[in-house]
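Letter by letter, the sequence shown follows residues 1 to 171 in the UniProt record's numbering.
None of these hints come from the bench; they were simulated from the model.
Errors might be hidden in some of the hints.
Distance condition first, Cα-Cα at most 20 Å in a straight line; then the derived SDA-like pairs of lysine to any residue [to be verified]:
#: 1; residue 1: K101; residue 2: K146
#: 2; residue 1: K5; residue 2: Q136
#: 3; residue 1: K101; residue 2: T77
#: 4; residue 1: K10; residue 2: P32
#: 5; residue 1: K101; residue 2: A45
#: 6; residue 1: K34; residue 2: Q63
#: 7; residue 1: K146; residue 2: Q63
Simulated restraints on C-beta separations [unchecked claim]:
#: 8; residue 1: A91; residue 2: N156; range: 27 to 35 Å
#: 9; residue 1: Q131; residue 2: N156; range: 26 to 34 Å
#: 10; residue 1: A128; residue 2: A44; range: 31 to 39 Å
Everything numeric in this text was worked out from a predicted model, so none of it was measured.
We put the CB at the ideal spot given by N, CA and C, even for glycine.
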Amino acid sequence: MNQTKLILLKQQPELIPMLAHWHYLEWGALFPEKTEADFAADLAASLNEQQLPISWVVVYEHQVVGTASLLLHDMQTNRELSPWLANIYLASSVRGKGLGKWLVQQVMTEARQLGLMQLYLFTEDQAAFYQRLGWQVLKQELYQGKAVTIMSWCCNGMANCLPSPIHAAPL
1 MNQTKLILLK QQPELIPMLA HWHYLEWGAL FPEKTEADFA ADLAASLNEQ
51 QLPISWVVVY EHQVVGTASL LLHDMQTNRE LSPWLANIYL ASSVRGKGLG
101 KWLVQQVMTE ARQLGLMQLY LFTEDQAAFY QRLGWQVLKQ ELYQGKAVTI
151 MSWCCNGMAN CLPSPIHAAP L
């Protein structure tokens, strides 16, 4: 993977229209209230470096081929859970090369460096993939008419960890 880099989207904001198009095609059905412009606005809001939301692009063999984000929220439900690993996307031309595992592990490392204690994600069909990377199934539910699995990962490797500092919700 020595020709693979994870770059902050903040460093290449001109990529937002292309990435928003990818995200809209991939996940538009899970967010039927959102337009492609909404996906672009979400990406624009994640042009951060040390605070959430934050997004990255994957560069493989000098081509932008994917994305990843850490978000405060990623679902209309489960608002008590935060922060979220989201927008894990790879172009179909590079799937099956181990980039997905590399990407998720890179963002997990970034989460640790940001001081996050726990992350959440939801997936329609990749729960086994995430379990191999240390994620635990929290529950399954119907979301926007699709069966999804909600998962968690403790950044310090402990089975039971405290909520992330970013998650501090008012009582």
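Hint check:
For the given pair, K101 sits about 24 Å from K146 by alpha-carbon distance, which is inconsistent with the 20 Å threshold. Between K5 and Q136 the CA atoms are separated by roughly 27 Å; this puts the pair beyond 20 Å, and the hint is violated. Among the hinted pairs, K101 with T77 is inconsistent with the structure: their alpha-carbon atoms are about 27 Å apart, more than 20 Å. Restraint check: the Cα-Cα separation between K10 and P32 comes to about 27 Å, which exceeds 20 Å; the hinted pair is violated.
A distance of roughly 26 Å separates the Cα atoms of K101 and A45; the hinted pair therefore is violated under the 20 Å criterion. As the CA atoms of K34 and Q63 are separated by approximately 27 Å, the hinted pair breaks the 20 Å bound. Taking the CA atoms of K146 and Q63, the gap is about 32 Å. The hint is violated against a cut of 20 Å. Between A91 and N156 the C-beta distance comes to about 33 Å, which sits within the given range of 27 to 35 Å.
Under the hint 26 to 34 Å, the C-beta atoms of Q131 and N156, about 18 Å apart, miss the expected range. Evaluation of the 31 to 39 Å hint for A128 and A44 yields a pass: the beta carbon distance comes to about 33 Å.
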